[in-house]
Amino acid sequence: DTCPYARTHMATFKQATQQLNQLIKAVPAELAAAGDIPETPVLASFARVNVPGDHAFGAVFINIFKEDMQPFKGSKNVALVYTVGALGRNKRAEGEEAPSAEREALVKKTKKDFLEAIYLTGQNVMAAVVV
-3 DTCPYARTHM ATFKQATQQL NQLIKAVPAE LAAAGDIPET PVLASFARVN VPGDHAFGAV
57 FINIFKEDMQ PFKGSKNVAL VYTVGALGRN KRAEGEEAPS AEREALVKKT KKDFLEAIYL
117 TGQNVMAAVV V
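Using our numbering, the first residue of the sequence shown is number -3, and each one after it goes up by one.
Take the hints with a grain of salt, since some may be wrong.
[As the list claims (entries may be wrong)] Derived DSS-like pairs (lysine-lysine); straight-line CA-CA distance at most 25 Å:
no., residue 1, residue 2
1, K87, K104
2, K72, K62
3, K105, K87
4, K21, K72
Rather than coming from a laboratory, the hints here were simulated on the basis of the structure.
Sequences are here, hints too, so could you generate the full structure?
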């Protein structure tokens, strides 16, 4: 993927899966040294994963933008919080590849399971933001 945010998220996600329930911080120099990201528009990137596995469902990512890369050049646009919610259906957005059979095992089949996963995702976001 050529998107610097996607590459940054994947690099920090990879680190966070090794340390569940811990906020992982990566600065651009660390990412570049690892060969993951040569140049990013962020000062720092964070990830927190609360569920084991190689999927990002429930994960949270935080990017702190470099000053010259802040959206709309506003002082209030300094960071982005992004999370990946639970799967309620095994579908993909139009134009994306078809979902795999393995992905079906990650679908929350009952309303209770889905709401619990969303609740845990919210807890994960709060744990990442309020440190």
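Going through the hints against the structure:
1. K87 - K104: holds (13 Å)
2. K72 - K62: holds (13 Å)
3. K105 - K87: The given pair, whose Cα atoms are some 13 Å apart, holds under the 25 Å limit.
4. K21 - K72: Distance ~21 Å between K21 and K72 Cα, so the pair holds.
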